[in-house]
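Asks: Sequence:
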Amino acid sequence: MKLPSCAAALVAATLLASLTEASGMSAAQAADARALPSVNMEATVKAAQIDPRRSDGELTPGAKAGVLLVERALHDRHLLDAKWVDGYFGSTTVAAFAKFQKSLGLTGLAANGLPGKASLARLGAGRFRVTHIIGPGARVSAGGVVIDTRTRSMLAEAKRLLRRDLVLLQGSYNRGGDPTSAGTHDGGGVVDISVKGMNSATRTAVVRALRRVGFAAWVRSPDQADWPWHIHAAAINDTDLSSQAQHQIGDYYLGLNGLAGRGPDDGPKVTIRTWEEYQRR
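Under the working numbering, the first residue of the sequence shown carries the number 1, and numbering increases by one thereafter.
Among the hints, a few may not be true.
As the list claims (entries may be wrong) - Using 27 Å as the maximum straight-line C-alpha spacing, the simulated DSSO-like pairs for lysine-lysine come out as follows:
{"#": "1", "residue 1": "Lys64", "residue 2": "Lys117"}
{"#": "2", "residue 1": "Lys99", "residue 2": "Lys117"}
{"#": "3", "residue 1": "Lys64", "residue 2": "Lys159"}
{"#": "4", "residue 1": "Lys83", "residue 2": "Lys102"}
{"#": "5", "residue 1": "Lys64", "residue 2": "Lys83"}
{"#": "6", "residue 1": "Lys269", "residue 2": "Lys196"}
{"#": "7", "residue 1": "Lys102", "residue 2": "Lys159"}
{"#": "8", "residue 1": "Lys99", "residue 2": "Lys159"}
{"#": "9", "residue 1": "Lys83", "residue 2": "Lys99"}
{"#": "10", "residue 1": "Lys196", "residue 2": "Lys159"}
{"#": "11", "residue 1": "Lys102", "residue 2": "Lys117"}
Simulated from the structure, these hints should not be mistaken for laboratory data.
The structure presented is a predicted model; accordingly, all values stated were derived computationally and were not measured.
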């Protein structure tokens, strides 16, 4: 039913009052915030993983407007030269964002160059508002290893699709752990999964399920390096990713296998989605 104009105005005013009271903002501040342009955090973080791995200068779909806002803010803070304000979240922009994070007193994974919720909001204060906010969640124990709650949810959904359990050989936040991992497990969002008792078809099915829910995942064999058979999976858009894992995910989007040699992807073909995109499908 369509409300009379006076009633509609009253409802709008009531909603504005409740929102401003909950946030501690004045009505004028709330109105100003709504008037600001927006940065889609999901798309921006995705671009920060893919763009540094590109050689063709192509922009990540859906990310240009937000990336430009981020780059202009970094430029105005004298962290990024004007020539790099181009909507392309390449390695120079990643390094500039990491400098900004460090200027806030952040260290370690919180200064990895991927826009985090807090650092992106600080950069955008008075300039842009942040939408489609994502985060890794708290660190938790799972199967004797440490992962974050976002990764745990993704694994649970993959298990549901497969109707089987998955045994973790290595988790996340394992800095200085297995040297054959080349630093991919130093941050969040990355796991190695046992393939014990799996035949080739089952291994492929597991990788397919992991990819469906938002992992860049591959079967790893002893022919590739000094490691046993296992499945390696990195959660796309986990903002705690190490730089090495960020590069793997960028390569995955570009049809590569995530290894140092940057060979062609040898896994099952699926529509690439983040965990959030999978949930909205």
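Asks: Hints first: check each against the structure and report whether it holds.
Replies: Now the hints, each set against the structure:
no. : hint            : in the structure
1   : Lys64 - Lys117  : holds, 19 Å
2   : Lys99 - Lys117  : holds, 16 Å
3   : Lys64 - Lys159  : violated, 35 Å
4   : Lys83 - Lys102  : holds, 23 Å
5   : Lys64 - Lys83   : holds, 15 Å
6   : Lys269 - Lys196 : holds, 23 Å
7   : Lys102 - Lys159 : violated, 38 Å
8   : Lys99 - Lys159  : violated, 39 Å
9   : Lys83 - Lys99   : holds, 18 Å
10  : Lys196 - Lys159 : holds, 16 Å
11  : Lys102 - Lys117 : holds, 15 Å
The structure shown violates the earlier hints numbered 3, 7, 8.
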